[in-house]
Amino acid sequence: MAKNIQSIRGMHDILPEAAPTWQFFESTVRNLLATYGYSEIRMPIVEQTDLFKRAVGEVTDIVEKEMYILESRRDTEGGEAFSMALRPEGTAGCVRAGIQAGLIFNQQQRLWYAGPMFRAERPQKGRYRQFHQIGVETFGIAGPDIDAELIAIGARLWKQLGLKNIHLELNSLGSLEARHAYRQLLVEYFSAHQDQLDEDSKRRLHTNPLRILDSKNPTMRELVAAAPNLHEHLDSESAEHFAQLQSMLDGMGISYRINPRLVRGLDYYSRTVFEWVTDELGSQGTVCAGGRYDGLVEQLGGRPTPACGFAMGVERLILLLETQAVQAPANNPDVFLVMAGDAAAKAGLSLAEQLRDALPDLRLVSNCGGGNFKTQMKRADKSGAAVALILGENELERAEITLKPLRSEGEQINLPLCELAAHLSQLIEKTKQH
RNA sequence: GUGACUGUAGCGCAGUUGGUAGCGCACUGGAUUGUGAUUCCGGUGGUCGUGGGUUCGAGUCCCAUCAGUCACCCCA
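Just so you know, the first sequence maps onto residues 637 to 1070 in my numbering.
In short, the hints are calculated from the structure, not lab data. Incorrect hints may appear among the rest.
Here are the simulated lysine to any residue pairs, SDA-like style, with alpha carbons at most 25 Å apart [stated by the list, open to error]:
#: 1; residue 1: Lys1010; residue 2: Ala961
#: 2; residue 1: Lys1018; residue 2: Glu1033
#: 3; residue 1: Lys1014; residue 2: Glu725
#: 4; residue 1: Lys982; residue 2: Val899
#: 5; residue 1: Lys761; residue 2: Glu725
#: 6; residue 1: Lys838; residue 2: Val699
#: 7; residue 1: Lys1018; residue 2: Arg999
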């Protein structure tokens, strides 16, 4: 036997066993976003590396060490080779696409996308090198009402999925100017106390000083507590925006916790930032996160445009669905057709097609590959079908079919073939109701 | 990227101070020539993650490597 080739580290197959949960999740999200009037957009998985450098930030971990970078081929006209990257997140590509297609200037957009993202991190539970996000982005709406709407979508989604124990954390970083000024203040403060900083915090001083405030190291606690307070340095417009958002959330009955140390890692955030967090997934508890990024469109070459969005980590939410034992609807077949004998095998094939004509929603699995009667019945059972349809020589002679219930008590019955479609139609109705 | 733990049949696991590998489930054949699941009896299946080393002898000890898990870091 040839040597096995394994999947790449941190990149996993979604196996048939898990597919119903994924489908349940995806269709729930899709339907929900449609009810709020959001349109789907699909972008390439690969973009110019510079796009992510400009959007996410040069000195973020994502850009510095987590991107998968490809060198493009020189094209046939002899164009210059350039650097491409597998997308580490979706917002940058969405903004790029929006600007390129003229979707953003002087109009409102509510968009969503779904797909794989790539980051070369050390894998652990809830953190993979290829992972999936569903992103939701809005453009051209400056007020806190859209922040509130995006948060409401999250809250409603957890409810529709049957998920519990997901909490909302909320913060405001202020306008880009206020945020930069505050950042400067922090750098000065912590630089003056260099000797008290731990290794991580010294590094963060250059990468993301706001993150030092969220340090888990107890020896840093005192220093952090005495640091300049973010909320005392908010610009007045941002403070007003934040206050209005809170009152809107209160009005909708959505509870939240203001976390002044909540800082998003990507450079483009300003004003509102939020995270939906659970304590049931260990250290990868952020299941959905986002915020406002009013400066990004301009930064990527568009006209100044307010924007706000969030992204969900699909694997983490699937994991949570599993830990909370949420049952996705099973997509078992309705019936499995057992055919005994050569004549029946041939007749059964065309019977199956007639049934599919008559009942487009019918989930029917035909036995293939022969097998004796017992083997076929075993396959019928294993398929998960509710009913076995049995077509043998006896049935053929009398133009009948036998229906045997596999999932419930009850005797098997014989039906004239001409009544089968009507009977199955009722059966489908019944299973739909459950 | 740092640290720790784990890797034995398709899956979940046992394997004593180093002595030639086992259990459950699954799969498969039969009891039942046209009835699954349930019951009973039989059977297939392992280069012990991979590669080196120590040893008369390695699943067991040592080194390397790959993968997974947990924490840090980072983030969805």
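field: Contradicted hints - numbers only
entry: Numbers 1, 2, 3, 4, in rising order.
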